[in-house]
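Please construct the entire structure, taking both the sequences and the accompanying hints into account.
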Amino acid sequence: GENVEQHPSTLSVQEGDSAVIKCTYSDSASNYFPWYKQELGKRPQLIIDIRSNVGEKKDQRIAVTLNKTAKHFSLHITETQPEDSAVYFCAASLYVGNQFYFGTGTSLTVIP
Amino acid sequence: GAVVSQHPSWVICKSGTSVKIECRSLDFQATTMFWYRQFPKQSLMLMATSNEGSKATYEQGVEKDKFLINHASLTLSTLTVTSAHPEDSSFYICSARTPGGGGNTIYFGEGSWLTVV
Chain H
15 GENVEQHPST LSVQEGDSAV IKCTYSDSAS NYFPWYKQEL GKRPQLIIDI
65 RSNVGEKKDQ RIAVTLNKTA KHFSLHITET QPEDSAVYFC AASLYVGNQF
115 YFGTGTSLTV IP
Chain F
16 GAVVSQHPSW VICKSGTSVK IECRSLDFQA TTMFWYRQFP KQSLMLMATS
66 NEGSKATYEQ GVEKDKFLIN HASLTLSTLT VTSAHPEDSS FYICSARTPG
116 GGGNTIYFGE GSWLTVV
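One line per chain: the protein sequences are H and F, in this order.
Under the numbering used here, think of the first position of the first sequence as 15, with each following residue one higher.
Under the numbering used here, think of the first position of the second sequence as 16, with each following residue one higher.
Rather than coming from a laboratory, the hints here were simulated on the basis of the structure.
All C-beta atoms, glycine included, are put in the ideal place defined by N, C-alpha and C.
One should not assume that every hint holds.
[To be verified] Lysine-lysine pairs mimicking BS3-like chemistry, simulated, CA-CA at most 25 angstroms apart:
| id | chain 1 | residue 1 | chain 2 | residue 2 |
| --- | --- | --- | --- | --- |
| 1 | H | K51 | F | K56 |
| 2 | F | K70 | F | K35 |
| 3 | H | K36 | H | K72 |
| 4 | H | K82 | H | K72 |
| 5 | H | K72 | H | K85 |
| 6 | F | K56 | H | K36 |
| 7 | F | K29 | F | K79 |
| 8 | F | K70 | F | K81 |
| 9 | H | K85 | H | K71 |
| 10 | F | K56 | H | K56 |
| 11 | H | K36 | H | K51 |
| 12 | H | K56 | F | K35 |
[Claimed, not checked] Chain H is nowhere near these chain F residues, computed Cβ spacing over 12 angstroms in every case:
| id | residue |
| --- | --- |
| 13 | T32 |
| 14 | V34 |
| 15 | D42 |
| 16 | E74 |
| 17 | K79 |
| 18 | S88 |
| 19 | D103 |
| 20 | V131 |
[Claimed, not checked] Not the full set, but computed from the structure, chain H residues with beta-carbon under 7 angstroms of chain F:
| id | residue |
| --- | --- |
| 21 | V110 |
| 22 | G111 |
| 23 | G119 |
In structure tokens form, the structure reads like this:
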């Protein structure tokens, strides 16, 4: 099955700085890579996603890059704000709507 | 967007008893739902894929006789934790897939906290 690794497990940045979270996956058949933000005890919220036919996608302060050859993808958050503090999970899936295999999570703290 | 609801949000049960968690798609029909388990400060681990009208597909290492999944209608999947033990205490969360035709979307439920005492 798919194995998704995520680094770092914890990340602290000063407000206004950038944050980068990296994930690798094992199954070359995976074609859909969403990123979720989760606050304690709540459902994950999709913040951005990317499909394998695209190398980069950006939505305001958030961007995701994908290197399908190397089987890794990254989340980039620029101009971080305290409300960005949460746990972030990457995931890999065969296609949109299929089951997700999640990374181990990154606890991001943005220091005001 | 679409809404997926779980019930109950919190449940405490005694060791050895069974507890049922419901996952409902409120405004769309979901032929496929997914069940995840999340221990504190850990990731979401896929337990099984629930298919309407057929048996669930379990991930390796998940006991199908302990975690019973029933997807009897297009809007409801249930997860029953049988003979629950304290180590089953966890956050259980479901997701549902919207119908196809242009692109499926996954929506998560609010999650259910299970505490076994």
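Here's how the hints hold up against the structure:
no., hint, in the structure
1, H:K51 <-> F:K56, "holds, 14 angstroms"
2, F:K70 <-> F:K35, "holds, 17 angstroms"
3, H:K36 <-> H:K72, "holds, 16 angstroms"
4, H:K82 <-> H:K72, "holds, 17 angstroms"
5, H:K72 <-> H:K85, "holds, 19 angstroms"
6, F:K56 <-> H:K36, "holds, 18 angstroms"
7, F:K29 <-> F:K79, "holds, 21 angstroms"
8, F:K70 <-> F:K81, "holds, 14 angstroms"
9, H:K85 <-> H:K71, "holds, 16 angstroms"
10, F:K56 <-> H:K56, "holds, 13 angstroms"
11, H:K36 <-> H:K51, "holds, 14 angstroms"
12, H:K56 <-> F:K35, "holds, 19 angstroms"
13, T32, "holds, 23 angstroms"
14, V34, "holds, 18 angstroms"
15, D42, "holds, 16 angstroms"
16, E74, "violated, 7 angstroms"
17, K79, "holds, 16 angstroms"
18, S88, "holds, 19 angstroms"
19, D103, "holds, 18 angstroms"
20, V131, "holds, 17 angstroms"
21, V110, "holds, 5 angstroms"
22, G111, "holds, 3 angstroms"
23, G119, "holds, 5 angstroms"
Hint check: a violation occurs at hint 16 only; the rest are consistent with the structure.
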